[in-house]
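K.L.:
Listed below, chain by chain, are the residues.
Number of protein chains: 4
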Amino acid sequence: MTEDPNELKALTLICTLTPSPGESSTDKLAHDLDAELSKYNVKNEFIRVVDYNIKPGVETDMGDGDNWPMIRQKMLDSDIFIIATPTWVGQMSSVALRVIERLDAELSELDEQGRPLTFGIVGAVAIVGNEDGAHKITADVFQGLNDLGFTIPAQAATYWNGEAMQRTDYKDLDSIPEKVAGANAIVARNVAHLARLLKSNEYPAAE
Amino acid sequence: MTEDPNELKALTLICTLTPSPGESSTDKLAHDLDAELSKYNVKNEFIRVVDYNIKPGVETDMGDGDNWPMIRQKMLDSDIFIIATPTWVGQMSSVALRVIERLDAELSELDEQGRPLTFGIVGAVAIVGNEDGAHKITADVFQGLNDLGFTIPAQAATYWNGEAMQRTDYKDLDSIPEKVAGANAIVARNVAHLARLLKSNEYPAAE
Amino acid sequence: MTEDPNELKALTLICTLTPSPGESSTDKLAHDLDAELSKYNVKNEFIRVVDYNIKPGVETDMGDGDNWPMIRQKMLDSDIFIIATPTWVGQMSSVALRVIERLDAELSELDEQGRPLTFGIVGAVAIVGNEDGAHKITADVFQGLNDLGFTIPAQAATYWNGEAMQRTDYKDLDSIPEKVAGANAIVARNVAHLARLLKSNEYPAAE
Amino acid sequence: MTEDPNELKALTLICTLTPSPGESSTDKLAHDLDAELSKYNVKNEFIRVVDYNIKPGVETDMGDGDNWPMIRQKMLDSDIFIIATPTWVGQMSSVALRVIERLDAELSELDEQGRPLTFGIVGAVAIVGNEDGAHKITADVFQGLNDLGFTIPAQAATYWNGEAMQRTDYKDLDSIPEKVAGANAIVARNVAHLARLLKSNEYPAAE
Chain S
5 MTEDPNELKA
15 LTLICTLTPS
25 PGESSTDKLA
35 HDLDAELSKY
45 NVKNEFIRVV
55 DYNIKPGVET
65 DMGDGDNWPM
75 IRQKMLDSDI
85 FIIATPTWVG
95 QMSSVALRVI
105 ERLDAELSEL
115 DEQGRPLTFG
125 IVGAVAIVGN
135 EDGAHKITAD
145 VFQGLNDLGF
155 TIPAQAATYW
165 NGEAMQRTDY
175 KDLDSIPEKV
185 AGANAIVARN
195 VAHLARLLKS
205 NEYPAAE
Chain R
5 MTEDPNELKA
15 LTLICTLTPS
25 PGESSTDKLA
35 HDLDAELSKY
45 NVKNEFIRVV
55 DYNIKPGVET
65 DMGDGDNWPM
75 IRQKMLDSDI
85 FIIATPTWVG
95 QMSSVALRVI
105 ERLDAELSEL
115 DEQGRPLTFG
125 IVGAVAIVGN
135 EDGAHKITAD
145 VFQGLNDLGF
155 TIPAQAATYW
165 NGEAMQRTDY
175 KDLDSIPEKV
185 AGANAIVARN
195 VAHLARLLKS
205 NEYPAAE
Chain U
5 MTEDPNELKA
15 LTLICTLTPS
25 PGESSTDKLA
35 HDLDAELSKY
45 NVKNEFIRVV
55 DYNIKPGVET
65 DMGDGDNWPM
75 IRQKMLDSDI
85 FIIATPTWVG
95 QMSSVALRVI
105 ERLDAELSEL
115 DEQGRPLTFG
125 IVGAVAIVGN
135 EDGAHKITAD
145 VFQGLNDLGF
155 TIPAQAATYW
165 NGEAMQRTDY
175 KDLDSIPEKV
185 AGANAIVARN
195 VAHLARLLKS
205 NEYPAAE
Chain C
5 MTEDPNELKA
15 LTLICTLTPS
25 PGESSTDKLA
35 HDLDAELSKY
45 NVKNEFIRVV
55 DYNIKPGVET
65 DMGDGDNWPM
75 IRQKMLDSDI
85 FIIATPTWVG
95 QMSSVALRVI
105 ERLDAELSEL
115 DEQGRPLTFG
125 IVGAVAIVGN
135 EDGAHKITAD
145 VFQGLNDLGF
155 TIPAQAATYW
165 NGEAMQRTDY
175 KDLDSIPEKV
185 AGANAIVARN
195 VAHLARLLKS
205 NEYPAAE
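Protein chains in written order, with our numbering: chain S, 5 to 211; chain R, 5 to 211; chain U, 5 to 211; chain C, 5 to 211.
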């Protein structure tokens, strides 16, 4: 089997607090977004992070059972990196923050041209919550990803939250809300476009 | 007329972008909260900040037409200080941030015991938005107020936002949502309780 | 041995990523703050959270080896609750966020008067980082704690960070910087004052 | 005079609270960054926003003396849009937030292909503060810009802040700190690269 040279690789880290095979709103939104990405020849791999042992620390490998090096390699092999997270107390999940924390190590992992290994990857985010928090989580995720070398395409966030202080879950909605469907389409279109551009036009070397 | 010694004074800064007498969701929520506060013998004054000239800067008085000194005096005379703000792009209004910025000057305005003049005042927040942002704005307002000397009673935030990417305004709802009414009641009860406690038991002097 | 009725209990959760007995700047700042708290008859217990198994989830007990219930009980027995955290990528540690996430369950744990069990507890925060982030972490921690029922005394944050993009650690400083010592003194004084007030004057019952 | 077809246009909004011709650390960092941008054939225009009347509101033109339409046109004519802001109380200036608030109107200003007019522009940020806040401000600015259609190149933030609770200003430093100089170089290189790419490869039309 030969690889399709035009295919883009995406990695989606699903940062729900619920281990597999539990139902997850975060998982559902990540897959709803994927349906749009697939229109642009993007092959997406999903990892439910809570199923793995991501040790605390800020090295690329914290040793002794640490599953981050496996996930990290998939991230480095990707053109598109998506963090999907629930909203708790108005903030991203602790699982999502653990991922960003582990990415901190990339600041010291430079290629021969002095560039982080993440410089060729675009980042995006998908957020669900029965309560509000999506804009803030977008801010925190994009700051983290951008600081650590990822590029953020225009309008690269999709999200859903219910009305204030309600308890509805995204996974229990009858259908994808029209606005969310629209956001998914924009994220997919822009993310695929910019990933393809960067793949054939990498950032210049440090001088 | 004699003052009621048990009466508490509140100042609510309504930080809508809409000048008087324009309709404002922020103004409505501030008054909905006030209906609860009045049950606890709190006399509340409202200022729509955008009607005044609050000059940029970090001094208590930026001179030459600056209306902040007038508002500042009302704040210092209050037991309860409430910031009411809309949500734009997931953030508090620039009018609300201007208020916090002006409060920065309080760090240098200490009484004879070395305490900021704000040490006797409790802070609270009321937030509306057709889109999400309430938890994040709560964070930013409470950090600002607390840093500048205000005390934050338990659960001192009330808010409303609609479902993701909807356009409904709080002022156009048929009635106060039950959850918001409940939050208003808690904020009022706790704010009045702690303001009364602090009024007769001030923070100790610096040594 | 009889208990001292005037003694206040504090619980400090040290949210460093480094397991015991590794050196930790967060641990050091937490103890520097404790030296001030002890002047006010506060007995402080320290838990390095990363040494325990705090399972992901938003229930008070996630079962099967979850150590949160043990920590939660100590929290509920305290008058003062302090989160001490390092700064990574400008944000609190994932360990600290896990703690806040677990506290989310308190919204459903009400006493007979309809109040969260946290209503008698004051919260504070201690933050270190070689890089900036302290104000933002203060915001996120205070929003979380306040939403979940804790009261925030005036100026209840102490912190240290180095100049932009430097690598110095707090634990390697020759002495406690004068400004940090001053902040520790204020936090301790205000936290002890308000905890004592609330202990004998609890928030009113829901009606 | 003929235009250089390879020249990129940048617009830097200097969001200091200090009107011209007052000295400003924000202005200095913006110009330090410009020295790097000029190496990549970028022509940069600077506007000190506080010198103009940017009316509150979320329309492209709030009428009657509003200077935003003039600034907005320059923004739309640019390939690179830079927000330079000071740090007050850990947050961006109210002037910077006013700018983001005014950009909210762009969500309704779509071209014939259904795309915001900002889709061809890359965003970056420059932040100074005697106190910490840079990572948080980066988050808030990037979330705002990205939501409103701007693309964020890898590591598109430069900043300086002093050690915790110090009062040193960036403009009073003897020279540009080495780390800041390095950040300026990266921002300039990446911003110019991505702006050039996007200029000749725009995001696809909505379907």
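Just so you know, these hints were derived from the structure itself, not from any lab. Where hints are given, some of them may not hold.
Because identical chains share one entry, a pair is satisfied inside a single copy or across any pair of copies.
[As the list claims (entries may be wrong)] Restricting the straight-line Cα-Cα distance to at most 27 Å, the calculated cross-link-like pairs of lysine-lysine (DSS-like) are:
| id | residue 1 | residue 2 |
| --- | --- | --- |
| 1 | K203 | K43 |
| 2 | K183 | K59 |
| 3 | K43 | K59 |
| 4 | K175 | K203 |
| 5 | K59 | K203 |
| 6 | K43 | K183 |
| 7 | K78 | K183 |
| 8 | K175 | K59 |
Owing to the predicted nature of the structure, the values given are computational and were not obtained by experimental measurement.
K.L.:
It remains to establish, for every hint, whether it holds in the given structure.
P.N.:
Outcome of the hint check:
In this assembly of identical chains, the alpha carbons of K203 and K43 lie at most 27 Å apart whether taken from the same copy (18 Å) or from different copies (24 Å). In this assembly of identical chains, K183 and K59 lie within 27 Å of each other by CA distance neither inside one copy nor across copies; the values are 37 Å within and 30 Å between. Within a single copy, K43 and K59 get their C-alpha atoms no closer than 35 Å, and across copies no closer than 38 Å, so neither meets the 27 Å cut-off. With identical chains, the CA atoms of K175 and K203 are never at most 27 Å apart, being 34 Å at best within one copy and 39 Å at best between copies.
Taking the closest pair of Cα atoms, K59 and K203 never come within 27 Å of each other, the shortest separation being 31 Å inside a single copy and 39 Å across copies. Within a single copy, K43 and K183 get their C-alpha atoms as close as 19 Å, which meets the 27 Å cut-off; across copies the closest is 41 Å, which misses it. Taking CA atoms no more than 27 Å apart as the test, K78 paired with K183 passes in neither setting, with 31 Å inside one copy and 31 Å between copies. For the homomeric pair K175 and K59, the shortest alpha-carbon distance between copies (23 Å) is at most 27 Å, but the shortest distance inside one copy (29 Å) is not.
Checked against the numbered hints given earlier, the structure breaks hints 2, 3, 4, 5, 7 and satisfies all the rest.
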